[in-house]
Amino acid sequence: MVKPKDKEKQEARRLRNEGWSYNQIAKELDISKSSAHNWCHDIELTPEQKTVNKERGIYYGDNNKGAITNKKRALEARKVYQSQGRLKARENNRLHITGCMMYWAEGAKYRRNIIIFANSDVEMIKVFAQFLRQELDVSDEQIKVKVHCHTTDADKIATIENYWLNLLGLPRDNLHKTQIVKSSGRSKNRLEYGVCTLTVQSTELLQHIYGAIQEYGNFTNEDWLY
Amino acid sequence: MAKPIKRKKARELRRKRWKITDIASKVDVRRETVSKWCQDIELTDEQIKVLAKDNPRWLILHEAAQQTKREALHQRLAYQEAGRQRAVDGSILHLKGCILYWGEGAKSRNHLRFTNTDPHMIKLFMQFLREEFQVTDDVIYLHIMHHTIEEDEIDAIEQYWLHWLDLSAECTVKMQLKKGTKSRKTHYENGICAICVNNTEILHHIYGAIQEYLGFDNPDWLK
Numbered sequence: 001m002v003k004p005k006d007k008e009k010q011e012a013r014r015l016r017n018e019g020w021s022y023n024q025i026a027k028e029l030d031i032s033k034s035s036a037h038n039w040c041h042d043i044e045l046t047p048e049q050k051t052v053n054k055e056r057g058i059y060y061g062d063n064n065k066g067a068i069t070n071k072k073r074a075l076e077a078r079k080v081y082q083s084q085g086r087l088k089a090r091e092n093n094r095l096h097i098t099g100c101m102m103y104w105a106e107g108a109k110y111r112r113n114i115i116i117f118a119n120s121d122v123e124m125i126k127v128f129a130q131f132l133r134q135e136l137d138v139s140d141e142q143i144k145v146k147v148h149c150h151t152t153d154a155d156k157i158a159t160i161e162n163y164w165l166n167l168l169g170l171p172r173d174n175l176h177k178t179q180i181v182k183s184s185g186r187s188k189n190r191l192e193y194g195v196c197t198l199t200v201q202s203t204e205l206l207q208h209i210y211g212a213i214q215e216y217g218n219f220t221n222e223d224w225l226y
Numbered sequence: 001m002a003k004p005i006k007r008k009k010a011r012e013l014r015r016k017r018w019k020i021t022d023i024a025s026k027v028d029v030r031r032e033t034v035s036k037w038c039q040d041i042e043l044t045d046e047q048i049k050v051l052a053k054d055n056p057r058w059l060i061l062h063e064a065a066q067q068t069k070r071e072a073l074h075q076r077l078a079y080q081e082a083g084r085q086r087a088v089d090g091s092i093l094h095l096k097g098c099i100l101y102w103g104e105g106a107k108s109r110n111h112l113r114f115t116n117t118d119p120h121m122i123k124l125f126m127q128f129l130r131e132e133f134q135v136t137d138d139v140i141y142l143h144i145m146h147h148t149i150e151e152d153e154i155d156a157i158e159q160y161w162l163h164w165l166d167l168s169a170e171c172t173v174k175m176q177l178k179k180g181t182k183s184r185k186t187h188y189e190n191g192i193c194a195i196c197v198n199n200t201e202i203l204h205h206i207y208g209a210i211q212e213y214l215g216f217d218n219p220d221w222l223k
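Chains as they are written, first to last, in our numbering: chain Z, 1 to 226; chain G, 1 to 223.
Because the hints were derived from the structure by calculation, they are not lab data.
Don't take each hint at face value.
Said to hold, decoys possible - Subject to a maximum C-alpha distance of 35 Å in a straight line, what follows is the list of computed DSBU-like cross-link-like pairs (lysine-lysine):
{"id": "1", "chain 1": "G", "residue 1": "LYS223", "chain 2": "Z", "residue 2": "LYS126"}
{"id": "2", "chain 1": "G", "residue 1": "LYS174", "chain 2": "Z", "residue 2": "LYS5"}
{"id": "3", "chain 1": "Z", "residue 1": "LYS146", "chain 2": "G", "residue 2": "LYS9"}
{"id": "4", "chain 1": "G", "residue 1": "LYS107", "chain 2": "Z", "residue 2": "LYS146"}
{"id": "5", "chain 1": "G", "residue 1": "LYS26", "chain 2": "Z", "residue 2": "LYS156"}
{"id": "6", "chain 1": "G", "residue 1": "LYS26", "chain 2": "Z", "residue 2": "LYS109"}
{"id": "7", "chain 1": "G", "residue 1": "LYS123", "chain 2": "Z", "residue 2": "LYS126"}
{"id": "8", "chain 1": "G", "residue 1": "LYS6", "chain 2": "G", "residue 2": "LYS107"}
{"id": "9", "chain 1": "Z", "residue 1": "LYS156", "chain 2": "G", "residue 2": "LYS223"}
{"id": "10", "chain 1": "G", "residue 1": "LYS26", "chain 2": "Z", "residue 2": "LYS146"}
{"id": "11", "chain 1": "G", "residue 1": "LYS123", "chain 2": "Z", "residue 2": "LYS88"}
{"id": "12", "chain 1": "G", "residue 1": "LYS178", "chain 2": "Z", "residue 2": "LYS109"}
{"id": "13", "chain 1": "Z", "residue 1": "LYS156", "chain 2": "G", "residue 2": "LYS19"}
{"id": "14", "chain 1": "Z", "residue 1": "LYS7", "chain 2": "G", "residue 2": "LYS107"}
{"id": "15", "chain 1": "G", "residue 1": "LYS123", "chain 2": "Z", "residue 2": "LYS79"}
{"id": "16", "chain 1": "Z", "residue 1": "LYS146", "chain 2": "G", "residue 2": "LYS3"}
{"id": "17", "chain 1": "Z", "residue 1": "LYS126", "chain 2": "G", "residue 2": "LYS9"}
{"id": "18", "chain 1": "Z", "residue 1": "LYS5", "chain 2": "G", "residue 2": "LYS179"}
{"id": "19", "chain 1": "Z", "residue 1": "LYS182", "chain 2": "G", "residue 2": "LYS123"}
{"id": "20", "chain 1": "Z", "residue 1": "LYS71", "chain 2": "Z", "residue 2": "LYS27"}
{"id": "21", "chain 1": "G", "residue 1": "LYS9", "chain 2": "Z", "residue 2": "LYS5"}
{"id": "22", "chain 1": "G", "residue 1": "LYS178", "chain 2": "Z", "residue 2": "LYS156"}
{"id": "23", "chain 1": "Z", "residue 1": "LYS88", "chain 2": "Z", "residue 2": "LYS54"}
{"id": "24", "chain 1": "G", "residue 1": "LYS179", "chain 2": "Z", "residue 2": "LYS182"}
{"id": "25", "chain 1": "G", "residue 1": "LYS36", "chain 2": "G", "residue 2": "LYS9"}
{"id": "26", "chain 1": "Z", "residue 1": "LYS144", "chain 2": "G", "residue 2": "LYS3"}
{"id": "27", "chain 1": "Z", "residue 1": "LYS109", "chain 2": "Z", "residue 2": "LYS33"}
{"id": "28", "chain 1": "Z", "residue 1": "LYS27", "chain 2": "Z", "residue 2": "LYS109"}
{"id": "29", "chain 1": "G", "residue 1": "LYS179", "chain 2": "G", "residue 2": "LYS3"}
{"id": "30", "chain 1": "G", "residue 1": "LYS3", "chain 2": "G", "residue 2": "LYS26"}
{"id": "31", "chain 1": "G", "residue 1": "LYS6", "chain 2": "G", "residue 2": "LYS36"}
{"id": "32", "chain 1": "Z", "residue 1": "LYS182", "chain 2": "G", "residue 2": "LYS8"}
{"id": "33", "chain 1": "Z", "residue 1": "LYS126", "chain 2": "Z", "residue 2": "LYS7"}
{"id": "34", "chain 1": "Z", "residue 1": "LYS126", "chain 2": "G", "residue 2": "LYS178"}
{"id": "35", "chain 1": "Z", "residue 1": "LYS109", "chain 2": "G", "residue 2": "LYS3"}
{"id": "36", "chain 1": "Z", "residue 1": "LYS144", "chain 2": "G", "residue 2": "LYS9"}
What the hints assert, rightly or not - Covered by chain G, according to a simulated footprint, are these stretches of chain Z (three or more residues, beta-carbon under 8 Å):
{"id": "37", "segment": "25–35"}
{"id": "38", "segment": "88–99"}
Note that the Cβ used here is the ideal one computed from N, Cα and C, for glycine as well.
Start from the sequences and build out the full structure, keeping to the hints where you can.
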């Protein structure tokens, strides 16, 4: 997947490889420091580069050791989850293929620890919920529902919320606050039941799906690990 | 689907025997749009009489049009049925391709169109078209959209997709270019690529297969 600001990202990674600090990269490319960090945090600096940065007075000491260890541990965990997904994908189970292909097409691929699947198509939401429950053993409490709609009428909003909850067979506790998109009044494509988003907070399951997609599609996408 | 609420309203009115022009002004869309939305709703004998009275030739044309319409619908049903049959014991690749099309494909009537920026997804879909439907290079046309006006970049991108999808020069490539602005945040390195095939049979085969795989019916796709 090609991400936004791709050129800046590549440039930032090149600079980071040369040993620049995040502050310097951010200033040079006119981006925020957190973007620079987001894009480059997997690049390890050589000891010499670290020394240079340290001497420049940047806070960079043993205090970071815990964070570095945690980061490595989490990356290893994600790799394990992805390989589990790949293994599962070799069984060629139909519902599993369906769910993963749907996630590849419609799911959010910019996060690494939360499954986000949004759609307005009733059948798609239904099938994806079935996939979560049957293939990934997600319990009802873990599935959160959020609805986006255009209307401000309280009755209508309640109807829409109930519509999706009934469809998914979930209690009201699972519903996040409904987001009302302020309409410009010119919006043409108003959907009757708005857009429904399913989220599951789980690194393991998301990385499992990523791993499986790569196995099904027969490719490797390093971006999904970081 | 675009304008779902207006569409529903228009169909309701048409079933109540409203005239196309009246519906158009009532729900505030163009006449042609209403006609497209409601074309499967049959006219009553009374309505036909009224229309035929003003113009005798109209009846002949109407009959012929109805006949063609019925035949085409029948044909589409047959294609969908073939897709359903295939889905019962379909290959893994068939299943993957159909589900991807459900997510990313255009749901029109006669034009198969699959759009994405992810090269791996496009490649998998191409493999699906080739292995499952024996689609050859000469019927495929690529539609590439990109924000640039630099000649070199345009050539590079065209070559990139042709090479990546292993397409020969027989396939038609259409480039749709726009000048990029500085404020544009999203920049795809190789643009957006759409694979298009003008083939009703393949498209409805896929529609049929999707419905069979997931176990639901979507009559909208038949229209």
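These are the hints, each one checked on the structure:
| no. | hint | verdict |
| --- | --- | --- |
| 1 | G:LYS223 to Z:LYS126 | holds, 24 Å |
| 2 | G:LYS174 to Z:LYS5 | holds, 25 Å |
| 3 | Z:LYS146 to G:LYS9 | holds, 27 Å |
| 4 | G:LYS107 to Z:LYS146 | holds, 26 Å |
| 5 | G:LYS26 to Z:LYS156 | holds, 23 Å |
| 6 | G:LYS26 to Z:LYS109 | violated, 42 Å |
| 7 | G:LYS123 to Z:LYS126 | holds, 28 Å |
| 8 | G:LYS6 to G:LYS107 | holds, 19 Å |
| 9 | Z:LYS156 to G:LYS223 | holds, 30 Å |
| 10 | G:LYS26 to Z:LYS146 | holds, 34 Å |
| 11 | G:LYS123 to Z:LYS88 | holds, 23 Å |
| 12 | G:LYS178 to Z:LYS109 | holds, 27 Å |
| 13 | Z:LYS156 to G:LYS19 | holds, 30 Å |
| 14 | Z:LYS7 to G:LYS107 | holds, 33 Å |
| 15 | G:LYS123 to Z:LYS79 | holds, 25 Å |
| 16 | Z:LYS146 to G:LYS3 | holds, 22 Å |
| 17 | Z:LYS126 to G:LYS9 | holds, 26 Å |
| 18 | Z:LYS5 to G:LYS179 | holds, 17 Å |
| 19 | Z:LYS182 to G:LYS123 | violated, 39 Å |
| 20 | Z:LYS71 to Z:LYS27 | holds, 26 Å |
| 21 | G:LYS9 to Z:LYS5 | violated, 42 Å |
| 22 | G:LYS178 to Z:LYS156 | violated, 41 Å |
| 23 | Z:LYS88 to Z:LYS54 | violated, 45 Å |
| 24 | G:LYS179 to Z:LYS182 | holds, 30 Å |
| 25 | G:LYS36 to G:LYS9 | holds, 14 Å |
| 26 | Z:LYS144 to G:LYS3 | holds, 28 Å |
| 27 | Z:LYS109 to Z:LYS33 | holds, 22 Å |
| 28 | Z:LYS27 to Z:LYS109 | holds, 28 Å |
| 29 | G:LYS179 to G:LYS3 | holds, 30 Å |
| 30 | G:LYS3 to G:LYS26 | holds, 14 Å |
| 31 | G:LYS6 to G:LYS36 | holds, 13 Å |
| 32 | Z:LYS182 to G:LYS8 | holds, 23 Å |
| 33 | Z:LYS126 to Z:LYS7 | violated, 38 Å |
| 34 | Z:LYS126 to G:LYS178 | violated, 38 Å |
| 35 | Z:LYS109 to G:LYS3 | holds, 28 Å |
| 36 | Z:LYS144 to G:LYS9 | holds, 32 Å |
| 37 | 25–35 | violated (count 0) |
| 38 | 88–99 | holds (count 4) |
The earlier numbered hints that this structure contradicts are 6, 19, 21, 22, 23, 33, 34, 37.
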